[in-house]
Each structure stands twice: as structure tokens, then as C-alpha cells.
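Visitor: Sequence:
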Amino acid sequence: MINVQWSEQEPSFAEWLNQGMDITFREITTGFEADILLLQKKDEPKYVLKVWKQLFNSQAHQQYKFLFNAQIAGLPVPTPVGWGRTDTGTEVLATDFSGYPVDKPSKRQIEQFARVLYQIHHTPTHHLGLDSDTGGEIIDIIINQYFPDIEQHQDIMIILESLRGTYPDRERRLIHGDFNLGNILLKDHEITIIDWTNVQVGDIRYDVAWSAVLLLISLGENEYNWFKSAYLSQQPFEDIELNVFESIAALRWLLLNRIVSFPNGEEKSKELQCFLEKRLPINFKLR
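Residue numbers are given in my numbering: position 4 of the sequence shown equals residue 4, and the series is strictly consecutive.
Note that these hints are calculated values from the structure, not bench results. Incorrect hints may have been included.
[Stated by the list, open to error] Keeping only pairs whose Cα atoms sit at most 20 Å apart, straight-line, the calculated EDC-like set for lysine to aspartate or glutamate is:
1. 187 x 44
2. 187 x 111
3. 53 x 27
4. 278 x 238
5. 41 x 27
6. 65 x 10
7. 268 x 221
8. 42 x 27
9. 268 x 155
10. 104 x 131
For clarity, every value in this text was computed on a predicted model and none was experimentally measured.
Given the sequences, and given the hints that come with them, work out the whole structure.
Guide: Okay, here's the thing in C-alpha cells:
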């Protein structure tokens with residue numbers, strides 16, 4: 001059990017918490033930045049807590065406000081019901097229970113996921129409370145946000161720099177920032193997207209590329225192709241520009257694998273190097 005001092009609460013959530021002592025907590029995942037806990041009574045899931053770890057910049061209040069705005073905008077997000085801090089000062093976000101991830105989605109489900117990402121990318125941003133696009137070269141923005149400690153990995157940095165200016169500029173839109181199977185929940189055939197920590201006005205090509213590359217790594221080439229085909233049928237891109245952003249996404253995964261060592265990381269790294277060889281317009285060498 002954790003003790004939370006709630007800064008804001010929906011009345012229904014507060015009433016549920018006060019109804020009795022039979023509430024149980026079950027840890028769903030332990031993430032890099034936060035832990036996810038399921039609140040339930042008599043094994044019936046009801047709410048979810050996201051508890052940020054102390055070493056990371058917590059965003060409970062910002063996420064709470066964003067989810068309210070996102071629901072009004074028609075985005076498939078969980079309902080926020082509260083936010084606060086634990087006794088140790090870590091921030092907590094509470095939402096309603098919206099289902100579980102799908103480990104092995106069907107072709108139809110993957111195509112649905114692609115359509116949801118398209119919906120996100122075409123949602124107006126003016127009522128979401130996000131910072132406006134400040135401009136700047138997109139490759140610099142991506143490196144700053146998604147490539148931690150890149151200065152220690154000059155082989156990857158050299159490739160990223162070589163991609164500068166190899167793609168056309170496009171209008172920047174709403175992006176999720178980490179659209180992957182772990183953040184796509186299903187309950188009674190209804191899809192909900194969670195973990196909007198990286199939401200911003202950005203380049204949708206990178207958002208699509210990151211999602212597609214993660215599908216390739218986790219499930220395989222069929223799922224990767226299903227997803228891309230479904231998305232591109234609604235929002236076409238030139239092959240050359242998508243190749244660039246898929247290369248950036250693959251390089252990000254390779255960097256993160258060096259830092260945290262993913263399961264089967266060595267095998268997947270070799271596969272991604274072949275993936276890069278087919279897409280990069282230059283000869284390259286990774287250590």
C-alpha cells in the first residue's frame with residue numbers, strides 16, 4: 001500500500017477510495033521512469049496509478065491536465081481521476097482502468113492501431129495546452145529528445161548528422177512520441193492510448209517510423225508491413241523520406257540497447273544493421 005496526498009481528485013474516485021479497506025494494489029509493470037499499479041476490489045480492476053521514480057522529472061499535473069483536454073478533443077485516452085504525491089515526494093497520476101496491452105495482435109488490430117495513430121496526427125492542437133512548435137531543424141529536436149548520452153556514441157552521431165537535410169520539411173502536428181504495443185490498451189474492443197509523456201507538436205514521420213520499427217523488432221516483418229500499409233494508405237510519404245526517419249528510429253533503438261541491454265539485443269542489433277544498410281544513402285560503420 002502507498003500513501004498519496006491528492007492534489008486533485010474526481011469525486012467518484014475519492015468516494016471509491018473511501019468505501020472500504022478491501023482495495024488491493026497489483027504492480028503491472030516496472031518501467032524505466034515509473035511504476036504502474038492496478039487498483040482493484042475483489043479482483044475487479046478499477047483504476048491505475050502511474051508512480052514516477054524519484055530520479056526522473058515527473059509530470060503528473062501536466063499529464064492530468066492534458067488528458068482532460070485530450071478527451072474533449074476526442075482522443076482515445078484514459079479518463080484522469082486524480083494526481084498527487086506520495087510520502088516520499090514522488091508524483092502519482094490516477095486514471096480509470098482501460099484494459100490491457102495485446103501481446104500478439106491480429107492483422108486487423110494492427111491496422112486499427114495504425115488508424116488510431118493517424119487520428120492522433122490529425123487532431124488539432126490548439127486546445128490541448130501544449131507548447132507551440134518553436135521551429136528548428138527536426139533532426140536536432142529528435143537528437144535532443146530521444147538520443148540520451150549521444151556524445152558518447154560518435155559512430156551513431158556521425159550517421160545522424162549525415163541525414164541532415166535529406167528529407168523535405170513538412171507541417172508539424174500532434175505526435176504521441178512513443179506509440180508502441182505496451183501503450184495501446186484494449187477493453188471490450190475499445191482502444192485506449194496511454195503514456196503521453198512525450199506528447200508534443202512534432203514530425204509525424206518520426207512517430208510512424210518509431211512505431212513501425214518497434215513492431216519489426218518485437219513481432220516481425222509481417223506486422224511491420226501491415227502497420228505501414230494501413231497508415232500510408234491514409235497519409236502517403238515518399239519512400240526516401242520514410243527511409244530516413246526509419247533509419248533514425250533504428251539508430252535510436254541501437255543506442256538504447258547499448259545503454260540498457262534489451263532482451264535479444266545483440267541479435268536484434270544485427271538485424272537492424274541490415275535494415276539500415278537498405279535505407280541509408282551512405283556507407284556507414286557501427287562499432
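Visitor: Each hint needs a verdict: does it hold in this structure or not?
Guide: Hint-by-hint comparison with the structure:
Between residue 187 and residue 44 the alpha-carbon distance is near 13 Å, which keeps this suggested pair within the 20 Å criterion. Note on residue 187 and residue 111: the hinted pairing holds, with a Cα-Cα distance of about 17 Å set against a maximum of 20 Å. A threshold of 20 Å between alpha carbons decides the hint, and for residue 53 with residue 27 the separation of about 14 Å falls inside it, so the pair holds. Proposed proximity of residue 278 and residue 238 is supported: the alpha carbons are some 16 Å apart, at most 20 Å.
Among the hinted pairs, residue 41 with residue 27 is consistent with the structure: their alpha-carbon atoms are about 14 Å apart, no more than 20 Å. Restraint check: the Cα-Cα separation between residue 65 and residue 10 comes to about 13 Å, which is no more than 20 Å; the hinted pair holds. For the suggested pair residue 268 and residue 221, the alpha carbons sit about 13 Å apart, so the restraint of at most 20 Å is met. As the CA atoms of residue 42 and residue 27 are separated by approximately 16 Å, the hinted pair is consistent with the 20 Å bound.
The straight-line distance between the Cα atoms of residue 268 and residue 155 is roughly 18 Å, inside the 20 Å bound, and the hint therefore holds. Of the supplied pair hints, the one linking residue 104 and residue 131 is violated, its CA atoms being roughly 36 Å apart against a limit of 20 Å.
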